[in-house]
Structure formats: structure tokens, C-alpha cells
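Going down the list, the protein sequences come from chains A and B.
Under this note's numbering, the first residue of the first sequence carries the number 1110, and numbering increases by one thereafter.
Under this note's numbering, the first residue of the second sequence carries the number 54, and numbering increases by one thereafter.
These aren't lab readings, by the way, just hints derived from the structure by calculation.
Every residue, glycine too, gets a C-beta built ideally from N, C-alpha and C.
Careful, some of the hints might be misleading.
[Stated by the list, open to error] Not the full set, but computed from the structure, chain A residues with beta-carbon under 8 Å of chain B:
{"no.": "1", "residue": "Asn1120"}
{"no.": "2", "residue": "Asn1121"}
{"no.": "3", "residue": "Asn1139"}
{"no.": "4", "residue": "Lys1172"}
{"no.": "5", "residue": "Lys1176"}
{"no.": "6", "residue": "Glu1182"}
{"no.": "7", "residue": "Gln1216"}
{"no.": "8", "residue": "Lys1240"}
{"no.": "9", "residue": "Ala1243"}
{"no.": "10", "residue": "Lys1246"}
{"no.": "11", "residue": "Tyr1251"}
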Amino acid sequence: MKKFIIGLLVNNEAGVLTRISSMFARRGFNIDSLAVGETENPELSRITVTMTGEDYARDQMVKQLQKLYDVRELLEMDPEESVSRELAIIKVAANRESRQDVIDAAQIFRNKIIDYSPESVSIEVTGETGKIDAFVKLMEPYGILEICRTGLISMSRGTKTLKENL
Amino acid sequence: MKMTGAQIVVETLIEQGAEVVFGYPGGQVLNLYDELYKNADRIKHVITAHEQGASHAADGYARVTGKVGVCMATSGPGATNLVTGIANAYLDSVPMVAITGNVPNNLIGRDSFQEVDIVGITYSITKHNYIVKDVTKLADTIREAFKIAKSGRPGPVLIDIPKDVQVAETEYEKMPLVEKDAIVKADENLLAKAAELIAESERPFIYCGGGAVTSDAGKEIMELAKKIDAPVGFSMMGLTAVPSSFEYSLGMVGMHGHYASSMAMAESDLIIALGVRFSDRATGDKTKYAQNKKIIHIEVDASEINKNINANVGITGDVKDATERLVKLVESGKHTAWLEKLESYKKYAKENEVAPLGAIGPHQLIDEVCARCDADTPIATDVGQHQMWVAQRYDFKNPRTFASSGGLGTMGFGMGAAIGACVATGKRTVLFTGDGSFGMNLNEMATAVSQKLPLVVVVMNNGVLGMVRQWQTLFYGARYSETTLERKTQFSELAKAFGAEGYAVTNMDELKASLDKAFATDGPVLIDCAIDMDERVLPMIPAGRSVEDLIIK
Chain A
1110 MKKFIIGLLV NNEAGVLTRI SSMFARRGFN IDSLAVGETE NPELSRITVT MTGEDYARDQ
1170 MVKQLQKLYD VRELLEMDPE ESVSRELAII KVAANRESRQ DVIDAAQIFR NKIIDYSPES
1230 VSIEVTGETG KIDAFVKLME PYGILEICRT GLISMSRGTK TLKENL
Chain B
54 MKMTGAQIVV ETLIEQGAEV VFGYPGGQVL NLYDELYKNA DRIKHVITAH EQGASHAADG
114 YARVTGKVGV CMATSGPGAT NLVTGIANAY LDSVPMVAIT GNVPNNLIGR DSFQEVDIVG
174 ITYSITKHNY IVKDVTKLAD TIREAFKIAK SGRPGPVLID IPKDVQVAET EYEKMPLVEK
234 DAIVKADENL LAKAAELIAE SERPFIYCGG GAVTSDAGKE IMELAKKIDA PVGFSMMGLT
294 AVPSSFEYSL GMVGMHGHYA SSMAMAESDL IIALGVRFSD RATGDKTKYA QNKKIIHIEV
354 DASEINKNIN ANVGITGDVK DATERLVKLV ESGKHTAWLE KLESYKKYAK ENEVAPLGAI
414 GPHQLIDEVC ARCDADTPIA TDVGQHQMWV AQRYDFKNPR TFASSGGLGT MGFGMGAAIG
474 ACVATGKRTV LFTGDGSFGM NLNEMATAVS QKLPLVVVVM NNGVLGMVRQ WQTLFYGARY
534 SETTLERKTQ FSELAKAFGA EGYAVTNMDE LKASLDKAFA TDGPVLIDCA IDMDERVLPM
594 IPAGRSVEDL IIK
């Protein structure tokens, strides 16, 4: 099993996300994350999909995505040749005894404290998936109250862009 | 020129070459039907008994002509009734544009009367679909739908049009017929690799699917077979790619394929697959399928390469173009020993042919019908034993003369498909059906009568759901759960009640006499043919197994 990251440019129209997710469901693809947002061109949205699977699943997913008419451009991101980030907000239980430990750990990981209450601390974590996973593990002993993750976004290094192939 | 949305739909359909619309009116398509009424001299409309019949008719029309079939229905139940027909066209890669009305934009999402999200429902059974919420985008959307439906691997496209968009006005400018996308050209280096594999092969086998028919590659495939001295087999969808009588043809492969054809596929050292998707019905056990052999796979849809069967050389491209170029690249070959072995398999199959159980044998019946048909007579079927018998036995001459539900296996497909084929060609059309399948959509007899279609409906009536019964006999201890119908329907009298001619026959002499009359009648005729309920479709390779488990008698 390998991890794959696929970058997509799609038409920014109602129902596009449904088309893509319904294709995944119908073909039985298990995706790990999906992140979507507008681009500098209001007609296009950018989607990053990550999945874990064998080469067969990756090959089929790429080909089936390319068949969708709203998929304008698609690239399998090479981890060596791209930069990837994910954002998470983690709400950790923190009382008078544990609070300083939690804050120290957050600072060592270069995270930001974005909310604070007598019983909890909310931390913004940005990084590659591995860094977020590691920080989540570190926080587990303190008691994780809630996690929100955006899913990975990814783009090529250097001047290369997805839209240049359009 | 300023026009309403409804006018634009009709004008754009005419502009894009639609000659006939199969459909059914209703509340949310009243405006469209008003325009069809006004333009009745420019575009024909065929009203079916049920929207499912309309979608199958558009499908049958497209199969026999290669053109885009058009069907139309109102919102809600009209739209959902099209769904089986759209799925059927999707699974068999048939070009179709389905147009549905919907409630006005301001009522969408409020569970209004006869409102369904037909776009949501058909995501996974269309190549693409649209809801057009802005009249200024209507004409271009219809044009794009036609382009998508007929380009590359064809398929159905649905356009949902809310009623207020049909009423709204905008400028319309006539445009030319949209062209298909340019054909996908196979990579020359890969074709050269394929030619190398062919040169090395001692037991090559050419396997043709629906893509061979779609791309009209019959001539090129016959040239290839002759040049490399290789036998040719077919999936059911590929059957009319070359004439059944072609000297290298072994007929259909797979679950109910010809013995020699399935054996040739299994014992070959190279399969040259042209426009196929390696359906489980054709391959059987996929783990054994490619053992001890190499695979060349030429197919227009890239996602089919390595989907079901891994190819040694996978080539994305138009089958006709690729085969034509492959013929130039390959050396002439001779495979005398291989072809002699296959001759011995043909002889073995002939010696082991099972005699009919009743007075009318399925194969004998098909031969009698075939003898009365022309090379270009469209042949439609429903789904079940009768379908497999026709696929095995009928002597197909011209391409696109066989309209049968392959991928979806839709019982009830036949009547609509035969109507579509008959309307498209204006020729006498034959429908082979069973009493089970016919029972599903026999209401379309009304359509055949109202349209005065020269349609010969041959019902192979065994009183049971024969294909399911065959499985129950073999694999379920002869426990015939709900497959013995115990109906008292007299199909010949029913045909008369519909206003058609009807005959019931129980032996070959009666059959011949009725067929003679049927083929001399202008309108629809039904012949109810009594078949023994224990007739089986043979050979049979049980689902998911290989030729090792083939049942021949």
C-alpha cells in the first residue's frame, strides 16, 4: 500500500464535487482526504485528493477522474517535486497542571495557540500530514477534545503549474 | 433571432441532426411538446406507452444507425422511468441524449409536485449530465451534449430543463452539426510492439468487442485475420463487427460462447483484443484468463486498459485506425496446426450438439427466421435464453444489425429497441423475445400498432424464466423458486387485442406458415412459439469459472 496525492483543476460549478465523490463511491475507491477551494480563476476550483492503495487503484482512479467532463487538468503529485500542507485545529484538555506542557509542546512544533479557556487550549497546526499526526499523538495523553483537519493541499515546486497544461 | 427555450430545444435538435424523438409528454414538458407539434414536419416524435420504452427506442435507434438517439420525458416519474434505458445505454456505450423537463427554478429543492433530482440520480449512468438553469446556455449545452454522446467511447448524456427556462427568451443562432472529437490515434511504437508479439505468437486469437462495431472496423479486422492467419472471436457486443460467415470467425466467446471460440481463447498464446472491456461474462475466471498467454489490448477508453485484465501491450486508440495501421506493420503468418486444432473443436461441438426437446427447437426456429431476413434486417432481442440462442445461432451479415442488451442485461429492452430500430431504418424488424422478457414491456405493442411498424415479434414461450431456471437446475438442486410462471396469457390473442396480428404455433410447419404470413404483413405481427421449458443454453461456462468447467451437453 502506497500513499498517492492527486492534484485536480475542475470547473467551478454546482455539483462538481458530487460528480467526483459519487465516482469514488461507485468505483469503490477509498480516499484519505479531499480538499477543495477556488483558484485565481473564478471558473476553476483546485482539488487535492489523497489515497492509500495499490498501483491498480491509483491507475484506475486517475483514468476515471480524467473521464469526468468537469475535470480540466490532473496531475499525480510527486512528493519530492511538490510542497504539501495540511491545517488542523486541535482542542486539547488543559488545566492548571498540564497547560504549560501543552503550550511548550505547541511552541516546539511551531504551532499557534488560537483559543484558550480554563479547561482547554486550541492549537493551530500547519504542516505535512506526518507532522500533524505526530503532534496529535503527542497531545493524546492530555486528552484531545476535538480535531478539525482540512486534508492535504499540494502543488509543484518551481514555476511549474497545473493550469499550464490547460 | 429571439426564441423561447422550448423553441431553442427543438431548433437545436434539428440543427444537430435529430430526425426523431422518442418520448412521452407531461406537465413540465408541455412547452417542448407545443414546439414539437408546430414543427411536426421537420422532426418526428414517437409516443411510446411508457418512458422506459422511449429510452430503449432511442437506444435501438442509435445501435442500428450509429447516430445519437434522442428521448424526452417530463419531470419526476417521467424522468425516473428513463433511468433503466439510460443505464442500459451507458453499459453498452450507446450514444444518446435524454431530455427531461423539471419544475421551474423557483420550485426546485422544495419537493414540488413531480420533482426529482434526475441529475443526481443519473450521475453514475451518464457520460455527463446537465441541469440548464439559464436559457442563454441552452443551445450550447445541447450541442455539447451531442458532442459528448458521440465522441470517443459513446454514451448517454442527460439534459434537465426547468420549465421556466423553456419559457424564457433569448437569441438563437443556427450552428453547424457538432463534429465528434478527433479520433484517438494509437501510438506507433506500441503498435510496433504489438506487431512483434504477433510475429512471435504461434496461437494468436483476435477478440472483438463493441468497440469494433462502433468504430466500423470490420474490414480492417478481416484483413488482419487473413494476414496473420488467426481466428476471430466476439463478445456479444462485438457480434456484427464482421459477418458470421467470415472464414476465420469462431463466433461468440464466453459464458455461452461457441465451444471452439472459448477453447481458442483459452488455448491461445496471444489475445489481440479490439474494442473490448473484458467483461466477466466473456472472461470467466480472471485469475486463469491470462495464464500462459500475452494480451494486446486496443481500446478507445484509456480507463479500460488494465482495468479487468492486464495487457502486455495496452494501446489507447480508435480500433479501426489502429487495426488498419497494425495490418501494415505485421508480417504475414501461417498457423496451420493451430487452425486445424480449432477445426477439430468445431467438429467436436457439432458431434455433441443437443437435439431439441420439443417440436420447435430454439436453433431451428432462429434458422427459419434468419432464412426470411435480409442482410440489413435489424434483429432485436430481450434478455435471457432466447437472447443467447440468437447470439449463438443467427447468421449476421451486416454490422449494426443486432440490438441486444449486453452490459446491463435488461429484460424488457426488446420491444423499445425493436421499435427504435424499425423507426430508424424503415425496414421490417425482428424481435426475438421470451415470455418473461416480453411480459415486462409488452405495452409497447400499442406503439408498434399506432406507428404501423413492420415488426415481427417472435416469442419463445416456455412458460418459465428459462435462464434463471437453467441455473436453478444446475446449481440450486432444481428448486424452481418463482420461475414457473403459471400464467394463462394468450400472447396471440393479446396481440390482436392491441390491434396487431397474432399467431400461436406448436410445431415447425405452423411456425413456417406463420412466418411466411408475418413477413408479408405491413404492420406488427406476433408469433407465440411453444418451446420446451427444459431447453438449455449450451455450452455454458459457470460464472467465475474457466473452460475447464465448460458444460457442453
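Exercise. What are the numbers of the hints the structure violates, in ascending order?
Worked result: 1, 2, 3, 6, 7, 8, 9, 10 and 11
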